[in-house]
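**Q** Here is what each chain is made of, one letter per residue.
2 protein chains.
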Amino acid sequence: MSLRTVLQLVVHGEATSRADIARRTGLARSTVSQQVELLIGSGLVEEVVTSASVRGRPPRLLRVRAAAGLLVAVDVDVPATRVAVADLAGNTLAVGVVDRPVDDGPEAVLAGVVDQVRRSVAGLDAPLLQVVVGLPGPVDFVHGYAVRPPIMPGWDGHPVGERLRAALGVPVLVDNDVNLMAVGEADVAGVDPPLLFVRIGAGIGSGLVTGPFQVHRGADGAAGDIGHVRTSARSEVLCRCGKTGCLEATASLRAIAADLGIPEVRGADREHGQRTLAARVAAGDPVAVHRIRQAAAEIGDVVAGLVHFFNPRTLVLGGALSSLRDEVLAGVRASVYENALPLATRKLVITTSQLDGEAVLRGAVALAVQEVFSPDGLSGLLARGGGRVSPGS
Amino acid sequence: MSLRTVLQLVVHGEATSRADIARRTGLARSTVSQQVELLIGSGLVEEVVTSASVRGRPPRLLRVRAAAGLLVAVDVDVPATRVAVADLAGNTLAVGVVDRPVDDGPEAVLAGVVDQVRRSVAGLDAPLLQVVVGLPGPVDFVHGYAVRPPIMPGWDGHPVGERLRAALGVPVLVDNDVNLMAVGEADVAGVDPPLLFVRIGAGIGSGLVTGPFQVHRGADGAAGDIGHVRTSARSEVLCRCGKTGCLEATASLRAIAADLGIPEVRGADREHGQRTLAARVAAGDPVAVHRIRQAAAEIGDVVAGLVHFFNPRTLVLGGALSSLRDEVLAGVRASVYENALPLATRKLVITTSQLDGEAVLRGAVALAVQEVFSPDGLSGLLARGGGRVSPGS
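So the sequence lines, in the order shown, correspond to chains A and B.
When we follow my numbering, the leftmost residue of the first sequence carries the number 1, and every step to the right adds one.
When we follow my numbering, the leftmost residue of the second sequence carries the number 1001, and every step to the right adds one.
Errors might be hidden in some of the hints.
As the list claims (entries may be wrong) - Per label pair, the in silico range of CB-to-CB distance: (1) 1077/B - 89/A: 35 to 45 Å; (2) 354/A - 1351/B: 49 to 59 Å; (3) 1169/B - 212/A: 28 to 38 Å; (4) 1028/B - 38/A: 37 to 47 Å; (5) 1108/B - 379/A: 23 to 33 Å; (6) 1351/B - 38/A: 30 to 40 Å; (7) 77/A - 1376/B: 17 to 27 Å; (8) 1038/B - 162/A: 38 to 48 Å; (9) 1050/B - 374/A: 34 to 44 Å; (10) 1242/B - 166/A: 58 to 68 Å.
In case anyone wonders, no lab produced these hints; they're calculated from the structure.
All C-beta atoms, glycine included, are put in the ideal place defined by N, C-alpha and C.
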């Protein structure tokens, strides 16, 4: 148990030397050294000599051995699926594409994922330790499958996690893709939680990070599903859900493009409409700019209520192409500061995503790192001999 | 460290015998027995002989020794403050009243609280271990004070936690009262999280429980502050915050009573208006019933959006007198099922509070139990010799 404690201190950067560990745990120096040697022996931790000190013994820095294991992140998206391989420090080593739309169904897409993962890790000299999958719909995180996802025909209840675990022989986590974007933003950009991440794209969704690496997923994995919250503008536009007044029906990029007569392109080039819209905004087309600002005000109106309810430290807007995002950011800021009480907004930071299209994969890798070094993950790792696990296991 | 693990298993009811502990921890029976003896020696745990078994050795049940320590819960409310003393199992032993309105300011109220606590625990033969205070406003939970509370003149930033800690010599937690009501509901009624607790009274507020004993307090302690969310009815009634369209301005019991010409009584009998309103509803006054249902529909309209966003398993309505609450429940249910998507509501339980006026004190006691037996709390307890701590320390 104290071996695990020592490892966690190193993983979370709370201790970078044997002296740190002794101070943090109250363990004797000899005990600490014994445990550090064990961890180095297991291959999970390494001790490197730094040259920072001018005199005396050069300090030795304890850190996770990045090469001790591999992590895989899978971003199942509507046009295609991407698969990233990362090392144990979260550095991306390679990204591959499974060229199958989500409409092909889970059997075909997951078969492609398994192939791609096997090819990606084949040449690498480290064991695969964890897979994290993002799906574009509500996810039962505990059981690892999508629950009534509106844009994933055939995926409802399909055991994604179980299927990949059986094929690849490693632990698999399945999460909603916007949740992973929020995790990526919190981890990579280092924004302070509580974080509310709002994705504005063909639809509108959000992800809630309540504390360090704590995602609020809700009772059915549906938390953050704000596309069907009714705006106070009470529009009569019919939403695809069959109701009127939903945020998504008037403020999503799909709705805006339709209003402006920009044709929707389905399939692989689904960003065509967004690019056309962004070009018109960049060219200063007043009708397009006005429509974007109107949508941003509606989003801000709903978000102002959520700011009262959730009291985030940081609100991050993501999803849209960046040229559109500046207009959206201005409109949402104006509306939130207009509609929310000063107490809830005086320290609130409202900003745009730093990760763009990489957010899902980066968040999935971050979650994989956390999972591998969680108490349960660590117990498994140490039991199996850490980084000395053979790639075939 | 494993002593703490063993104690936590017993506290959380996950192990009720030495055999349970051995099974859960993988420790040898002899090690477990040694640790159990240590805990019994510390006075925190006791082993009682039950008569449930017909033959063989009668089973011995391990449990927390309720008499090993005292907990104090403080409910600072507008007309007066109540102070409850409980044992370590969370059973209330006594409740006293500090007859000072919150308007008297923190110095006077807290002096009364200190007096009341000292009198309450004086005759009891166990050490006071933890105090938990509920305040009617946003609270900085980490530092233990109210932040710009609208109905607590003079309390903004006053160091409530520090003050009581210095006077009583024990750890003190300070929280928002609606958060404590939510904790009480989750703990006492055993409702499954995620839980959204909505209090409907003179104002409207809410508390969010994300998981077992995990309260989401937000960046400024203001999470759940839904009174100033704008309703989609877009009323032009001016709210006390200076804006229009706020939920509280049209759907709070104060707003309803004012509409119906029921005079507001300030001070101690602030429930007078609620009782008059409840009497009219109970007598079947159609105007009063209509007005309540209209308010409930507005509350439900806002809550439907929060249901999408937070995806709670349970929605509990509390705060109002129970006769009013039935009308409110029916109205909120109708509105939530009308306005939220079926996916978010198919498993949602919508119910009324089981604790009524006791919710804050019960929640504060529950939080105190959790805190005492948290890893940090336990370390302190064991270091001080558990229940053998002297009352004067």
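**Q** Each hint needs a verdict: does it hold in this structure or not?
**A** Hint check:
1. 1077/B - 89/A: 35 to 45 Å: Since the Cβ atoms of residue 1077/B and residue 89/A sit about 52 Å apart, the hinted range of 35 to 45 Å is violated.
2. 354/A - 1351/B: 49 to 59 Å: Given a distance of about 42 Å, which is not inside 49 to 59 Å, the answer is violated.
3. 1169/B - 212/A: 28 to 38 Å: holds (32 Å)
4. 1028/B - 38/A: 37 to 47 Å: Violated, at about 22 Å.
5. 1108/B - 379/A: 23 to 33 Å: The hinted range 23 to 33 Å is violated for residue 1108/B and residue 379/A, with Cβ atoms some 54 Å apart.
6. 1351/B - 38/A: 30 to 40 Å: violated (52 Å)
7. 77/A - 1376/B: 17 to 27 Å: Roughly 43 Å apart at Cβ, these two residues miss the hinted range, so it is violated.
8. 1038/B - 162/A: 38 to 48 Å: holds (43 Å)
9. 1050/B - 374/A: 34 to 44 Å: Since residue 1050/B and residue 374/A have Cβ atoms about 37 Å apart, the given range 34 to 44 Å holds.
10. 1242/B - 166/A: 58 to 68 Å: holds (60 Å)
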